[in-house]
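Chemist: Sequence:
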Amino acid sequence: MTKTIMITGATSGFGAATAKRFAAAGWRVVATGRRAG
773 MTKTIMITGA TSGFGAATAK RFAAAGWRVV ATGRRAG
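Per the working numbering, the sequence shown runs over residues 773 to 809.
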């Protein structure tokens, strides 16, 4: 079963780094942010 995580503020900074780390570990990432990027 694939694990899913939702991360807010994923456009840059801590949120982006967190999203990338979870994605690299095989998680399905749902990311939101105010800016496209």
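Simulated from the structure, these hints should not be mistaken for laboratory data. Keep in mind it's a predicted model, so treat the numbers as computed, not measured. Yeah, the Cβ is synthetic: ideal placement off N, Cα and C, and Gly gets one too. Hints may contain errors.
Each pair of labels, with its calculated beta carbon distance range [claimed, not checked]:
#1 793 to 773: 30 to 38 Å
#2 806 to 773: 25 to 33 Å
#3 786 to 808: 14 to 22 Å
#4 777 to 807: 26 to 34 Å
#5 804 to 774: 15 to 23 Å
#6 773 to 808: 29 to 37 Å
#7 807 to 773: 28 to 36 Å
Chemist: All hints are to be evaluated individually against the structure, with a verdict given for each.
Modeler: To see whether the hints hold, each was checked on the structure:
For the pair residue 793 and residue 773, the beta carbons lie near 20 Å from each other, so the given range of 30 to 38 Å is not met. Taking the beta carbon of each, residue 806 and residue 773 are about 31 Å apart, inside 25 to 33 Å as hinted. Taken as a hint, the range 14 to 22 Å holds for the pair residue 786 and residue 808, whose Cβ atoms sit roughly 18 Å apart. Between residue 777 and residue 807 the Cβ separation comes to about 20 Å, which falls outside the hinted range of 26 to 34 Å.
Checking the proposed 15 to 23 Å range against residue 804 and residue 774 shows it holds: the Cβ atoms sit about 19 Å from each other. Between residue 773 and residue 808 the C-beta distance comes to about 31 Å, which sits within the given range of 29 to 37 Å. Roughly 32 Å separates the CB atoms of residue 807 and residue 773, a value that falls within the hinted 28 to 36 Å.
Violation of the numbered hints given earlier is confined to hints 1, 4; the remaining hints are satisfied by the structure.
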